[in-house]
Amino acid sequence: MNEFLPLSPATLHILLALAGEDLHGYGIMQEVTRQSEGAYKLGPGTLYDNLQRLMAQDLVQESSHKAPPGDDPRRRYYRLTAAGRKVLSSEISRLEGVVRLARLHLRRSS
Amino acid sequence: MTRRLYIWLLKMHPQAFRARFGDEMLSIFDESLEKRVLLTDAALSLFRQSALRSQQPPFSRTATADGVPLFYSAEPEVPTAAALARGALVALASFALFSVAMSHRWAQGTWIIGSHHPSPSHILGAHTDAKAGADLPAEVKMQPYPARAPVSAYFRLMRVLSVLDTDQDNVISAAELQNAPAALRTLDRNHDGFLSAEECGLKLASDLSPDQAGRTRLAFMRVHPVLAALDANRDGLISEDEMRNAARALRSLDANRDGKLTEREVLPDPAVILASNMMLLLDRNGDGRIEREERIGPIAERFLAALNRAEKGGTVTEDDLVLALRQ
Chain A
1 MNEFLPLSPA
11 TLHILLALAG
21 EDLHGYGIMQ
31 EVTRQSEGAY
41 KLGPGTLYDN
51 LQRLMAQDLV
61 QESSHKAPPG
71 DDPRRRYYRL
81 TAAGRKVLSS
91 EISRLEGVVR
101 LARLHLRRSS
Chain B
111 MTRRLYIWLL
121 KMHPQAFRAR
131 FGDEMLSIFD
141 ESLEKRVLLT
151 DAALSLFRQS
161 ALRSQQPPFS
171 RTATADGVPL
181 FYSAEPEVPT
191 AAALARGALV
201 ALASFALFSV
211 AMSHRWAQGT
221 WIIGSHHPSP
231 SHILGAHTDA
241 KAGADLPAEV
251 KMQPYPARAP
261 VSAYFRLMRV
271 LSVLDTDQDN
281 VISAAELQNA
291 PAALRTLDRN
301 HDGFLSAEEC
311 GLKLASDLSP
321 DQAGRTRLAF
331 MRVHPVLAAL
341 DANRDGLISE
351 DEMRNAARAL
361 RSLDANRDGK
371 LTEREVLPDP
381 AVILASNMML
391 LLDRNGDGRI
401 EREERIGPIA
411 ERFLAALNRA
421 EKGGTVTEDD
431 LVLALRQ
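One line per chain: the protein sequences are A and B, in this order.
The first sequence begins at 1 in this note's numbering and counts up one residue at a time.
The second sequence begins at 111 in this note's numbering and counts up one residue at a time.
Some clues are possibly wrong.
As the list claims (entries may be wrong) - Which bits of chain B does chain A cover? Going by a derived footprint, with three or more residues having C-beta under 8 Å, they are:
| hint | region |
| --- | --- |
| 1 | 125-136 |
| 2 | 154-162 |
| 3 | 192-198 |
Quick caveat, the hints were computed from the structure, so don't treat them as lab data.
The C-beta atom is built at its ideal place from N, Cα and C for all residues, glycine as well.
Let the sequences and hints guide you as you build the complete structure.
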């Protein structure tokens, strides 16, 4: 799993967005905006470029989730695979280590 | 309008990406209010997909499931317009690079591939059964490569000639004569529709009075056959009408009627140049005549004295003539 790390900000946000539930592309974009409190916005081009790669790496796959009635039929839903969840966990652990180290250094310098 | 542009940008994406995500991207575009941001995003995506991502379709995971290699055939795939455009661009760039290399004669070094004479300058050695040291019974004679004649000093100094002689072979060909109006218009730097003496190549001394400058301009336009032919009304300017009629006017200089102008046919007569300069020097009131009022006696005496000295076996240098003619 380490060969995927560190994750780019876009990849991290997409995996985080899908960690909670299956989402369609627009839903992922909205979730990323919500998670980052508006600081990070994904465009469709960046989103689907990452999704294409993540699907090729078997970290994300298309979900069998069907769009509810009245929803745009062009939408497809995506879900995190088990491998994707492991990669996300590894990245979170790595980031926790970075945060711990940063806090230590900051405490020493102050 | 923006939707059409967005759809066009999507259509320019590689086929595999477009087929997989095109509808979804359009769906998001339809839903979003930030249309301009999405247009920029689509343009960036187009660049990313076309330039940075591999267009090779992924291998099917079932292809090698039974352990038997399965080869993917790309034959049914038709190259995309973007791929063809990129190919054309690369081909043009390669051709341009090769042309530049050839024109700079970078590849002119003598490379001999295969020779029975061992030499470090030969790229590949060749073994032969021929008697060592014997030359091959063949003789190749080549004519020397014709050296390109340097551009004539007169053609270089006379701007009108330098723009007319586009291939710089010191000959104004029939085609160059035909193109004369367009070539002459390139000299009209202030775009006033006229070519002045300065625009034709005259470099005026800065200390001339307006009257002297005017006379010098007229003299310049008169003594050079090309300018005299072009300036039909002798007003010292080549007008738009005169430029339009340039081909016909210049053909009047074609003494041997061969359809082109050689340097000999356009060079000014040295006697005319000298006489014109003498007039500029001696005709102080500029009426076109040298008269008693101009008081040229001392100058004439010094000048004749210098020429007499040469006639009697002495030497006269250019500096002597300058001293003789100086007021």
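Hint by hint, here is what the structure shows:
A count of 7 residues in the region 125-136 of chain B with a Cβ less than 8 Å from any Cβ of chain A is obtained; the coverage claim is therefore met, three being the minimum. Check on the region 154-162 of chain B: 5 of its residues sit with their Cβ under 8 Å from a Cβ of chain A, so the three-residue criterion for coverage holds. For the region 192-198 of chain B, the stated coverage by chain A is violated: 0 residues have a C-beta nearer than 8 Å to a C-beta of that chain, whereas at least 3 were required.
Checked against the numbered hints given earlier, the structure breaks only hint 3 and satisfies all the rest.
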